[in-house]
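Asks: Starting from the known structure of chain A, fit chain B with the ligands onto it as the hints suggest.
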Amino acid sequence: MMNFEKLQIPIDSNLCERCGKCSGACPSYRFMPEFNPAQIVIKLATREKEKIEDVFMDPSIWFCTMCHTCLERCPENVAPSHLFVEVKNIAAQQGNLPDSLKKESNQIIETGLTVPISPAIKRRRDELGLMEFLPPNIEEIQKIIKKTKFDQLVG
Amino acid sequence: MTKFALFLGCLIPLRLPFIEVSSRRVMEKLGIELVEMNGAGCCPDPIGIQSIDYKTWLALAARNLCIAEEMNLDILTLCIGCYETLKTANHVLNNGPEFKYEVNEILSEVDKEFKGNIQVKHIIEVLYEDIGPKEIENQISMPLEGLQVATHYGCHSVRPSEIIQFGNPERPTFLDELVEALGAQSVPYLEKMLCCGAGLRNTAKEKEEEALSLAKVKLDEIQRSKADCMTLSCPFCFISYDIGQLQINRKFKERYNLPVFYYLELLGLALGISSSRLGLKFHRSKVTPVLKKLGLA
Ligand code: SF4
Ligand code: SF4
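Residue numbers (the numbering used here), protein chains in the order written: chain A, 24 to 178; chain B, 691 to 987.
It is worth saying that the hints were derived from the structure and are not from the lab.
Computed from a predicted model, the values in this text were never measured in an experiment.
Any given hint could turn out to be false.
In the DSS-like style, the derived pairs of lysine-lysine whose C-alpha atoms are separated by at most 30 Å in a straight line are [said to hold, decoys possible]: (1) K172/A / K790/B; (2) K125/A / K790/B; (3) K172/A / K745/B; (4) K74/A / K882/B; (5) K126/A / K941/B; (6) K895/B / K172/A; (7) K895/B / K66/A; (8) K72/A / K172/A; (9) K971/B / K145/A; (10) K745/B / K66/A; (11) K125/A / K895/B; (12) K790/B / K126/A; (13) K790/B / K166/A; (14) K170/A / K976/B; (15) K790/B / K169/A; (16) K805/B / K166/A; (17) K125/A / K745/B; (18) K745/B / K72/A; (19) K125/A / K941/B; (20) K719/B / K145/A; (21) K44/A / K693/B; (22) K971/B / K44/A; (23) K145/A / K693/B; (24) K805/B / K172/A.
Okay, chain A solo, but in the shape it has when bound (with noise of 0.2 Å):
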């Protein structure tokens, strides 16, 4: 399980022993072969400060759909998705962060959702009989959210 103190060092990787079930079982790999959840976790198991610098940067992290496939497959416990999450929100940190992300970001901080309210759903919705949207509590997200410093990291 994720520990926030615990980010800076990718420590299950250390248990792997190379057997390449997650990427057999990866569906980004299939299609993705720049993205290899096992090359990955290897990479990371070095503790070489270079090699994992490599990894931070490597725009390909962010190609994992969190199927969480080579986590119920992994014999060693890896948990590769998970050890993932920890990776991305390290890379974040440094910048390695899609743009299409900071939007999806961005649209939570202002209005709370990702996808916005139009004129146009707010029609269809009455057309299908259903009750207005109830917008939610902006305050409380937008509190939340400074206190985490979230706005400054996809700012």
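Replies: Structure of chain B with the ligands alone, referenced to chain A:
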């Protein structure tokens, strides 16, 4: 009467509201009361936001959980993404005192406190566990006889199994059982557990072609299985195969026209709710061949 706090999320109410309609009408008919969660926001997104900042993801999810705790009701989600986020956050906060401490410190800014006294369920889980396929079979008035259905589970409906704890993580059967409870037949096909690729749409925009290829693999296999339609229970998967089909046709010069149904829509038809009351005309993949086969169009 069984009651749940209804967690709508963003994508269903604001892009696919017909899924909300079917879910509400069907649950009402089955005697399940759904109560609105005032002030709830994005779950938030288990793929993007969790990957960017775990702490923010957990704290925003906890705020949503607190709303249901204050209502004293378990949460029912319509989306598998919301399910993953809220169920995982609930699990992590209940099992990790250090997370709970840290998140509650953040939540004190908004006078909330996570207590950990409710459960999070997906609508399919409620249908399967709280009502059950047998009872559904008893309730339906219009069995979907002769309909061949390909089921698509959605990754987060079963994984990570340590947290979800519902069905087998790689060979689940609950959705197939629920389809057969409607008098339809669930057809076996290759690549049944393949991811729909929705995650890539946000985190790797430049990989659109690869994401569509992923969805295409499944469409090919479903076509080979001779299924009349596919069914699923997640708005992200729905978009991958519904609107996705049109994008795939354009990009790869294909001509797929497989009807795609959110499971509650099929259940709605079997309960005798009309296709217009279910809003089926708003699908991009045309459902008429299925309605014709069932004698409804
Ligand atoms: S969770 Fe990510 S790395 Fe693991 S199998 Fe799925 S796409 Fe591949
Ligand atoms: S499945 Fe586990 S042990 Fe095998 S290569 Fe992947 S991380 Fe290493």
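Asks: Now, for every hint given, state plainly whether the structure supports it.
Replies: A quick look at each hint next to the structure:
no.	hint	result
1	K172/A / K790/B	holds, 19 Å
2	K125/A / K790/B	holds, 27 Å
3	K172/A / K745/B	holds, 10 Å
4	K74/A / K882/B	violated, 36 Å
5	K126/A / K941/B	holds, 26 Å
6	K895/B / K172/A	holds, 25 Å
7	K895/B / K66/A	holds, 26 Å
8	K72/A / K172/A	holds, 27 Å
9	K971/B / K145/A	holds, 17 Å
10	K745/B / K66/A	holds, 25 Å
11	K125/A / K895/B	holds, 12 Å
12	K790/B / K126/A	holds, 29 Å
13	K790/B / K166/A	holds, 18 Å
14	K170/A / K976/B	violated, 47 Å
15	K790/B / K169/A	holds, 19 Å
16	K805/B / K166/A	holds, 20 Å
17	K125/A / K745/B	holds, 16 Å
18	K745/B / K72/A	holds, 25 Å
19	K125/A / K941/B	holds, 27 Å
20	K719/B / K145/A	holds, 25 Å
21	K44/A / K693/B	violated, 43 Å
22	K971/B / K44/A	violated, 43 Å
23	K145/A / K693/B	holds, 27 Å
24	K805/B / K172/A	holds, 24 Å
The structure shown violates the earlier hints numbered 4, 14, 21, 22.
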